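So the protein lines, in turn, are chains A and B. All letters in the first sequence, in the order written, are residues 0 to 142 by numbering that gives the first Met the number 0. All letters in the second sequence, in the order written, are residues 0 to 160 by numbering that gives the first Met the number 0.
Because the hints were derived from the structure by calculation, they are not lab data. Computed from a predicted model, the values in this text were never measured in an experiment. The reader is advised that the hints may include incorrect statements.
What the hints assert, rightly or not - One side of the interface only, derived from the structure: several residues of chain A facing chain B at Cβ under 10 Å:
(1) Val53
(2) Asn129
(3) Lys132
Unchecked claim - Listed next, the stretches of chain A that the computed footprint assigns to chain B, with coverage defined by at least 3 CB atoms under 8 Å from CB atoms of chain B:
(4) 39-51
(5) 73-82
(6) 92-106
(7) 114-126
What the hints assert, rightly or not - Each pair of labels, with its calculated beta carbon distance range:
(8) B:Ala91 / A:Ile90: 40 to 50 Å
(9) A:Glu41 / B:Leu109: 39 to 49 Å
(10) A:Arg142 / B:Arg75: 53 to 63 Å
(11) A:Leu61 / B:Phe92: 42 to 52 Å
(12) A:Ala63 / B:Asn157: 14 to 24 Å
(13) B:Ala93 / A:Lys48: 12 to 22 Å
(14) A:Pro36 / B:Val119: 25 to 35 Å
(15) B:Ala93 / A:Arg142: 33 to 43 Å
(16) B:Ala91 / A:Pro79: 26 to 36 Å
(17) B:Glu138 / A:Pro38: 37 to 47 Å
A virtual CB, placed ideally from N, CA and C, is assigned to each residue, including glycine.
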Amino acid sequence: MERWLIPWLMVVLFAAGAHAEDRIWAALVLGTTENPPRPAPEELEPFVKGLRTVFGYNSFYLLAAKEKKIRKGTEEWVVPNKKVFLKLQCIDRSPGCYTVNLELYFKKELLVTSQVKFARDAPLYIRGPNWGKGRLIYILEVR
Amino acid sequence: MKNFEERYTAWMDDALDRDERAAFERALPDPAAAAREREEWLRLRGLMRQALEPARMPHADFVNSRIREAIAREARPAARSAPRLFPLPRLAFAGGFLVVLACVLSAIILSGPAPEAPTVSEIVAAQVRDERNRAYAFEAPGRAAVLWIDDAGFIPANERL
Numbered sequence: 000m001e002r003w004l005i006p007w008l009m010v011v012l013f014a015a016g017a018h019a020e021d022r023i024w025a026a027l028v029l030g031t032t033e034n035p036p037r038p039a040p041e042e043l044e045p046f047v048k049g050l051r052t053v054f055g056y057n058s059f060y061l062l063a064a065k066e067k068k069i070r071k072g073t074e075e076w077v078v079p080n081k082k083v084f085l086k087l088q089c090i091d092r093s094p095g096c097y098t099v100n101l102e103l104y105f106k107k108e109l110l111v112t113s114q115v116k117f118a119r120d121a122p123l124y125i126r127g128p129n130w131g132k133g134r135l136i137y138i139l140e141v142r
Numbered sequence: 000m001k002n003f004e005e006r007y008t009a010w011m012d013d014a015l016d017r018d019e020r021a022a023f024e025r026a027l028p029d030p031a032a033a034a035r036e037r038e039e040w041l042r043l044r045g046l047m048r049q050a051l052e053p054a055r056m057p058h059a060d061f062v063n064s065r066i067r068e069a070i071a072r073e074a075r076p077a078a079r080s081a082p083r084l085f086p087l088p089r090l091a092f093a094g095g096f097l098v099v100l101a102c103v104l105s106a107i108i109l110s111g112p113a114p115e116a117p118t119v120s121e122i123v124a125a126q127v128r129d130e131r132n133r134a135y136a137f138e139a140p141g142r143a144a145v146l147w148i149d150d151a152g153f154i155p156a157n158e159r160l
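Generate coordinates for the entire structure from the input sequences, incorporating the hints supplied.
Here you go:
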């Protein structure tokens with residue numbers, strides 16, 4: 000009887016995998032220019048090249064990071080703090096793509112609204128406010 | 000009609016009736032030697048019966064029950080391993096498996112080929128609240144998209160987030 004369990008489990012796992020939910024990873028990063036440059040934390044390594052090219056900083060600090068399930072209709076506040084808030088609402092889902100409405104608030108005032116189609120493993124960088132000698136950057140990525 | 004050997008053996012075993020016995024003894028060439036031989040045989044037979052009497056086994060019922068249990072135990076796996084082509088539980092299990100497999104495959108086939116999934120994130124729209132501000136969207140290395148806000152604000156260094 001045990002040998003029948005393996006194909007059963009394969010079918011069940013396959014069916015479950017077909018409907019597996021993706022997750023959205025959100026990070027709040029501080030980019031600065033330092034001499035010598037500081038090595039980026041391990042979680043930021045895949046993004047460092049892009050961040051340097053786009054924003055021109057050579058050092059990046061991970062201030063906060065969070066990963067959450069993304070589903071149609073869900074609304075999330077992403078790594079909120081006292082000054083900057085980012086609200087996400089997933090409005091549509093198609094295979095390998097999530098359409099998300101996002102709102103960026105600075106000091107409780109709405110700064111920008113946007114609609115983004117997220118492809119898997121293709122990040123979105125949002126240029127946030129300056130903080131001291133650096134700049135806050137949001138990174139969002141569907142995984 | 001019995002031959003001599005048969006009648007002699009019957010006489011030795013004392014199996015002849017009285018008339019046959021008397022007739023046979025009269026016909027013997029040496030009755031005294033035959034009588035000695037007969038006595039010797041009877042004595043020997045008695046000894047043999049005594050010696051060959053089966054000894055009684057101690058705790059015979061217990062031994063008997065253990066033997067029966069062992070036989071039953073050995074007979075069970077033999078019965079289980081008897082070849083059955085399609086036992087009912089296995090058939091039911093295989094049937095259920097095939098039904099689930101058919102459902103999964105049907106769902107995959109009926110859903111058709113998956114549309115091409117995008118490989119790059121795309122900013123569809125961006126709108127700033129303040130008319131004097133600007134927001135731009137462009138692509139970046141690593142299949143990334145960038146939402147660039149010209150004036151995204153300023154937080155003094157001495158303020159905590």
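Which of the listed hints are broken here?
-> Hints 13, 16 and 17 not satisfied by this model.
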